[in-house]
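Colleague: Heads up: the sequence lines are chains A and B, in that order.
Sequential numbering from 63 applies to the first sequence in the numbering used here.
Sequential numbering from 2 applies to the second sequence in the numbering used here.
Keep in mind that the hints are not guaranteed to be accurate.
Said to hold, decoys possible - Sample of chain A residues at the chain B side, in silico, Cβ under 8 Å:
#: 1; residue: 96
#: 2; residue: 113
#: 3; residue: 155
#: 4; residue: 204
Stated by the list, open to error - For each label pair, taking beta carbons as the anchor points, the in silico distance ranges come out as:
#: 5; chain 1: A; residue 1: 209; chain 2: B; residue 2: 48; range: 28 to 36 Å
#: 6; chain 1: B; residue 1: 149; chain 2: A; residue 2: 68; range: 37 to 45 Å
#: 7; chain 1: A; residue 1: 89; chain 2: B; residue 2: 275; range: 35 to 43 Å
#: 8; chain 1: A; residue 1: 79; chain 2: B; residue 2: 5; range: 19 to 27 Å
#: 9; chain 1: A; residue 1: 103; chain 2: B; residue 2: 13; range: 56 to 64 Å
Claimed, not checked - Examples of chain A residues lying across from chain B (beta carbon under 8 Å, computed):
#: 10; residue: 188
#: 11; residue: 192
#: 12; residue: 194
It should be emphasised that the hints constitute simulated quantities derived from the structure, not laboratory data.
Built from N, CA and C at the ideal position, the CB exists for glycine as well.
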Amino acid sequence: MANFVVDTDGIKRYLVNITVNGTKYTKMIKANSLLVNFLREDLDLTGTKRACEQGDCGACTVLLDGKPVNSCMVLTLSVDGREVTTVEGLAANAKLDILQEKFMEHSAPQCGFCAPGILMSAKALLMKNPHPTEHEVREAIAGNLCRCTGYVHYVEAILDAAASQ
Amino acid sequence: MYLQDFEYFRPGSVEEACQLLFTYGFKAKAIAGGTDVLIKMKKDLLAPEVLVAIGQLPQLKNIEYIPGRGVVIGAGATHNDIQNSKVLHEKYLSVAEAAHQMANNQVRNLGTVGGNISNAVPSADMPPILIALDTTVKIVGTKGERTLLLEDVFTGPNQTVLEHDELITEFVIPDNGFTGSTYFKFGLRASGALAVVGVAAAVKMEGDVIKDARIVLGAVSPVPLRAKKAENFLKGKQAGGELFTEAGIMASHECRPISDIRASAEYRKDMVRVFTMRALDKAVNEGHV
Ligand SMILES: Cc1cc2nc3c(=O)[nH]c(=O)nc-3n(C[C@H](O)[C@H](O)[C@H](O)COP(=O)(O)OP(=O)(O)OC[C@H]3O[C@@H](n4cnc5c(N)ncnc54)[C@H](O)[C@@H]3O)c2cc1C
Ligand code: FES
Ligand code: FES
Numbered sequence: 063m064a065n066f067v068v069d070t071d072g073i074k075r076y077l078v079n080i081t082v083n084g085t086k087y088t089k090m091i092k093a094n095s096l097l098v099n100f101l102r103e104d105l106d107l108t109g110t111k112r113a114c115e116q117g118d119c120g121a122c123t124v125l126l127d128g129k130p131v132n133s134c135m136v137l138t139l140s141v142d143g144r145e146v147t148t149v150e151g152l153a154a155n156a157k158l159d160i161l162q163e164k165f166m167e168h169s170a171p172q173c174g175f176c177a178p179g180i181l182m183s184a185k186a187l188l189m190k191n192p193h194p195t196e197h198e199v200r201e202a203i204a205g206n207l208c209r210c211t212g213y214v215h216y217v218e219a220i221l222d223a224a225a226s227q
Numbered sequence: 002m003y004l005q006d007f008e009y010f011r012p013g014s015v016e017e018a019c020q021l022l023f024t025y026g027f028k029a030k031a032i033a034g035g036t037d038v039l040i041k042m043k044k045d046l047l048a049p050e051v052l053v054a055i056g057q058l059p060q061l062k063n064i065e066y067i068p069g070r071g072v073v074i075g076a077g078a079t080h081n082d083i084q085n086s087k088v089l090h091e092k093y094l095s096v097a098e099a100a101h102q103m104a105n106n107q108v109r110n111l112g113t114v115g116g117n118i119s120n121a122v123p124s125a126d127m128p129p130i131l132i133a134l135d136t137t138v139k140i141v142g143t144k145g146e147r148t149l150l151l152e153d154v155f156t157g158p159n160q161t162v163l164e165h166d167e168l169i170t171e172f173v174i175p176d177n178g179f180t181g182s183t184y185f186k187f188g189l190r191a192s193g194a195l196a197v198v199g200v201a202a203a204v205k206m207e208g209d210v211i212k213d214a215r216i217v218l219g220a221v222s223p224v225p226l227r228a229k230k231a232e233n234f235l236k237g238k239q240a241g242g243e244l245f246t247e248a249g250i251m252a253s254h255e256c257r258p259i260s261d262i263r264a265s266a267e268y269r270k271d272m273v274r275v276f277t278m279r280a281l282d283k284a285v286n287e288g289h290v
């Protein structure tokens with residue numbers, strides 16, 4: 063179990079080691095820290111969005127050990143020793159991920175608030191299944207709600223990204 | 002949304018976890034995937050002072066077939082672990098399919114079958130199909146362990162027979178000779194919607210005669226309900242459309258649904274009739290458990 067110190071209010075602060083987008087972070091956090099808040103507030107990685115905060119919308123989707131999860135329902139302490147990938151980790155060497163390219167090409171997002179989450183769900187799908195069917199794409203992003211678009215361009219962009227990799 | 006302060010323990014074994022739950026008593030709560038616990042805490046429905054994290058205990062994760070015992074599913078298996086399990090695809094496809102009908106991909110990567118059962122919500126998706134297959138539950142506490150039929154675990158909405166220091170460690174689907182089974186869920190959307198009605202059926206066929214049958218209804222009574230009159234009615238009879246129709250009518254008389262925001266009691270009753278009919282047809286004719 064993580065080491066901890068007790069602060070002046072008698073509240074424990076626990077030591078965690080978490081790899082985010084390939085960088086190792088060592089931080090002291092309270093037990094009530096949620097991963098979405100840890101990413102946005104402690105690491106300034108604000109690409110991950112916060113909306114419903116109860117697991118319904120997928121705006122906060124990140125990859126935990128390669129699998130998409132809602133970071134608003136994950137305690138940061140449960141991620142100790144594990145690996146997280148956020149939307150900031152998709153681009154490599156100043157080059158956007160093919161999904162990001164295709165999202166732009168197809169004008170997939172409108173306001174864009176749901177886009178980071180959809181990117182992460184789509185990324186997880188393509189890592190596991192490089193040539194998904196349209197149905198598989200729709201299932202993969204079924205946990206990501208979009209209030210602007212009708213998902214059509216998103217689905218086309220993801221299928222196009224799969225075809226272009 | 003921020004959570005209230007609490008202490009966090011990540012024990013290295015089930016025994017240690019039970020000891021912590023015993024020591025801290027009603028102040029403590031076990032957390033596996035957290036998809037129920039954390040949401041309740043956010044809504045101020047629950048304010049544990051201590052969380053005991055059991056989600057990552059490797060001893061709760063395995064899914065395997067043990068000849069003579071049956072298919073063992075660790076309580077910490079996530080819904081996606083179940084959905085993707087080779088063992089379940091071979092042995093009980095219907096269980097993998099039921100897990101797939103839960104929530105959405107992100108939630109299925111977090112939520113566990115142990116949490117789904119222990120949370121004991123009437124609309125939960127895993128209880129009907131597991132009860133239909135005569136699944137047993139191993140429960141471990143500081144005073145020892147016991148094994149119960151899953152059917153006997155639920156005592157009311159959000160209530161089970163579990164003592165405060167007890168944890169479910171595994172589910173066992175015994176080799177009971179079912180030849181077909183399935184779970185039908187009706188939700189208001191295909192993804193991320195709780196069941197308005199859930200019906201599981203399992204049958205043992207000899208030729209086209211039904212030797213034994215289970216019908217388990219979800220979301221239409223305080224606990225998952227076996228439609229025993231309909232089950233008995235089917236025994237020894239030749240399978241067929243009219244028989245299933247009649248069994249459906251019987252099951253719809255047996256359930257005790259409420260009206261709520263998602264559907265009226267009348268609607269639920271009628272959906273039980275339709276789904277019982279369809280589930281029996283599929284369990285009998287599709288040829289897999
Ligand atoms: C957006 C969303 C959609 C959902 N959709 C569905 C759905 O379609 N169908 C459905 O059935 N559910 C659904 N759920 C509910 C939830 O995801 C499931 O019930 C899930 O299986 C709970 O498991 P968990 O590991 O997250 O439980 P936790 O939240 O970790 O725990 C739940 C309860 O079980 C106890 N517990 C956990 N593990 C054990 C154990 N091994 N032994 C004893 N007690 C234990 C905990 O103390 C707690 O009281 C949904 C939830 C969300 C947020
Ligand atoms: S903010 Fe996490 S699912 Fe909506
Ligand atoms: S683009 Fe606005 S919510 Fe999806």
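Colleague: Going through the numbered hints above, which ones does this structure break? Give me the numbers in ascending order.
Modeller: The structure conflicts with hints 2, 3, 7, 9, 10, 11, 12, although it agrees with all the remaining ones.
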